[in-house]
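**Q** For chain U, the structure is supplied; the task is to place chains B and S on it using the hints.
Given next are the chains, with one letter for each unit.
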Amino acid sequence: MGTIVVPGEVLERFNGRSDNVFFDGNKAYSKVLGIYDSERGMLTPLEGLWYPRMGDTVIGIVEEDKFNIYTVYLNAPYKGIAMSKFIEEPLAAGDIIEAVIKDIDRTKTAVLTRVRKLNGGKIISVKPSKIPRIMGHGDTMIKQLVQGTKCTLVVGLNGVIWISGGNYDLAAEAIFKIVEEAHTPGLTERVKELLEGKK
Amino acid sequence: MSGGTDKPELIVNGKRLDGRDMGDLRAVKIEAGTLKNADGSAYIEWGNNKILAAVYGPKEALPKHIADPERAVIRCRYSMAPFSSLEEHGRSGPNRRAIEISKVTKEVFEKVVVLEDFPGSKIDLFIEVLQSDGGTRAAGITAAAVAFASSGIPMLDLPYAVSVGKIGEHVVLDLNKIEDNYSDADMPVALGPRLNEVLLLQMDGSMSRQDISKGLEMVTRAGSVISQVQKAALKEPYEKVSSRYR
Amino acid sequence: MTIRKAMVGYVESMVKKGLREDGRGFMNYRDICINTGKIPNAEGSAEVDIGYTKVLAGVKVGTGEPMKDKPDEGNLLTSAELLPLASEEYDVGPPSPEAIELARVVDRGIRAAGVIDTKSLFIEEGKVWEIFIDIYVLNYDGNLFDAGTIAASAALASARMPKYENGEVIREGNLGRLKTGNVVTSCTFAKLGSAVLLDPDGNEETAMDGRLTVANDENAVRAMQKGLSGSFSFGEIDKAIELSFERSKDLRKMIKNSAGE
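Protein chains in written order, with my numbering: chain U, 76 to 274; chain B, -6 to 239; chain S, 99 to 359.
In short, the hints are calculated from the structure, not lab data.
Warning: the hint list may mix true and false statements.
Within a straight-line C-alpha distance of at most 30 Å, the following computed DSBU-like cross-link-like pairs (lysine-lysine) qualify [as the list claims (entries may be wrong)]:
| hint | chain 1 | residue 1 | chain 2 | residue 2 |
| --- | --- | --- | --- | --- |
| 1 | U | K183 | B | K57 |
| 2 | B | K52 | U | K252 |
| 3 | U | K183 | B | K29 |
| 4 | B | K52 | U | K183 |
| 5 | B | K170 | B | K8 |
| 6 | U | K202 | B | K57 |
| 7 | U | K154 | B | K29 |
| 8 | B | K52 | U | K192 |
| 9 | S | K277 | S | K261 |
| 10 | B | K22 | B | K233 |
| 11 | U | K252 | S | K103 |
A few chain S residues that don't get close to chain B, going by computed Cβ distances all over 10 Å [what the hints assert, rightly or not]:
| hint | residue |
| --- | --- |
| 12 | G107 |
| 13 | E110 |
| 14 | S111 |
| 15 | Y150 |
| 16 | R206 |
| 17 | K261 |
| 18 | G271 |
| 19 | S331 |
| 20 | N355 |
Stretch-level coverage of chain U by chain B, calculated; a stretch enters the list once three of its residues show a Cβ under 8 Å from a Cβ in chain B [to be verified]:
| hint | segment |
| --- | --- |
| 21 | 119 to 125 |
| 22 | 152 to 162 |
| 23 | 257 to 267 |
Each residue gets a CB set at the ideal place from its N, CA and C atoms; glycine is no exception.
Only chain U is shown next, with the shape it has when bound in the complex (with noise of 0.2 Å):
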């Protein structure tokens, strides 16, 4: 547990690092609207932007194919590219994809590998800092999740999840849930409560 602060206040006994925090003497700040646990000196932000890491996964959308490069939009102020000559299926603007980011050049464009084209389902967008606990400790949310939908899907660290199949509604009536209640402890069983249909 902890206390909620705003971007400007101060953390009492913050001594370690994070890029959500700044030090102004010898005082550390918060950057971000986020929750401040001052036992264990940690800041958790509530609300938060996705920056493009190598190694992270995400959901995008062709936005064209020039010159045999596909240009992905990504939910975010930087956009993707992908090289066809790596993709076994061809693309076109609008295609839903999943992929990882290889690399991001100067401009932080996110170089993607491992295209994959996602078929059919929906997609939806949430702020990228709950998807931490859509996926759960060890991903124990996520499973959760698949299994009392029975819906295939597919999570991108920059806010974008996949649903195909199963029970869409349940599905995304959780994924709501849990991005209002992130904060709030022992969500695991209420999440688990709605899937069984206890309510």
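**A** Chains B and S in isolation, oriented as in the chain U frame:
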């Protein structure tokens, strides 16, 4: 500000027309996350002002020539609804006054938003005044700070703004429309509470060096109240959910 | 590229199966909520939510000169703004053709239904009342036509009327209501493949081929507008009109309740 011939008496028996003392703030209410599509948003009611602020981004900077390879660029549009004032129907779209306010508002956020985290991108800030009653730029900046923070964009401070002015001999806080129309001076100020420095300062009218210093003190005092309202608005949606499971 | 555009295929495949994304029937509205009087500075105002679509209509009453060809009638002027804060797809700048179409369709319904008797807005020779209706789109999720018409109707039905005394407009104090003679509403349908859907949301509008708006009061159809390149059959138009009369009963009731009639 105009010294009209039929200038009303703005201070009667030591009280202002709406019953406030010289250093009193109007009631301020803020709601965070009002607009579904925006990445961050806030709705503020400040006295009779009603204002929406929304943040979109960071996103790809288009057209390309506006992009800065070192940092994100902020675009700001402050605008007033043509039905926002009690008087005649206004013209739609930003006029010269609105364009100036957009510029100085943008500059407030260029100081506190961590723009270096998003090189080459742009962040849009839109402020729509739905109902105006004096002090809309200050209320707009106060709401915009909440919209920014609710979007998750990193910031070094959570700025607020309020105006002070002069009515006769008195330095007064937070002028409403009628006071603004007939006051002797108006000075909107935005402060970063952590930095404790001035991020926006405009002045128009006649004030002494002492008046200005007194005015800035009033701003700081009111600021602690405004900051609390901003923080409460940001925390409220989360605390509401938490309280269900306590 | 936006997520909405990537959802076109999904929306189409759902509709083919006879389903809508949010589980609604093809001829059902989303939840509608009308709030009048949000902007006391305006003579009339109404905020309308249809699902996540949020529209605010403001009514201002002023004085001006009559049109040259109608010297004994007041003026009614309707505008619409697709505010950039309502959607990442809207941009700053002068009104787009979409905004102008929205304003004109709402205006035609109100004018043709005689909601405002412009002859009653005559003050004296060369001076008439002017009614300004501004439709402010605050959050976009489809069906702005119905939200705009409902908001304008509710704002007019709840508006107060200033007085004109000794050459001055009196806007405060004891004022009566703006005189309105009728209530008009509209129903908008999306054509998606061979299906017709009432009240399209943002994803459905991105996927739709054609759009049909029918504005009516109790007695007659008062305005229509077909939009986009998709086409409608005679039968589909007839059915849309029938449904529009049916659905408008509830909408009129909601507007009258919201205006405190």
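**Q** State for each hint whether it applies.
**A** Going through the hints against the structure:
1. K183/U with K57/B: At roughly 15 Å apart (the allowed maximum being 30 Å), K57/B and K183/U satisfy the hint.
2. K52/B with K252/U: Distance of about 27 Å is within 30 Å: holds.
3. K183/U with K29/B: 28 Å, holds
4. K52/B with K183/U: Measuring from Cα to Cα gives roughly 12 Å; hence the hint holds.
5. K170/B with K8/B: 16 Å, holds
6. K202/U with K57/B: 26 Å, holds
7. K154/U with K29/B: 24 Å, holds
8. K52/B with K192/U: Answer holds: K52/B to K192/U is near 24 Å, not above 30 Å.
9. K277/S with K261/S: Since the Cα atoms of K277/S and K261/S sit roughly 13 Å apart, the hinted pair holds (cutoff 30 Å).
10. K22/B with K233/B: 17 Å, holds
11. K252/U with K103/S: Satisfied, since the Cα-Cα distance of roughly 25 Å is no more than 30 Å.
12. G107: Consistent with the label, G107/S stays out of reach of chain B, its closest Cβ about 22 Å off (over 10 Å).
13. E110: E110/S is indeed farther than 10 Å from all Cβ atoms of chain B, at 23 Å.
14. S111: 25 Å, holds
15. Y150: 5 Å, violated
16. R206: 20 Å, holds
17. K261: 14 Å, holds
18. G271: 12 Å, holds
19. S331: 34 Å, holds
20. N355: It holds; N355/S is separated from chain B by about 23 Å at its closest Cβ, greater than 10 Å.
21. 119 to 125: holds (count 5)
22. 152 to 162: holds (count 3)
23. 257 to 267: Answer holds; 5 residues pass the 8 Å Cβ test.
Going down the numbered hints, you'll see the structure goes against just number 15.
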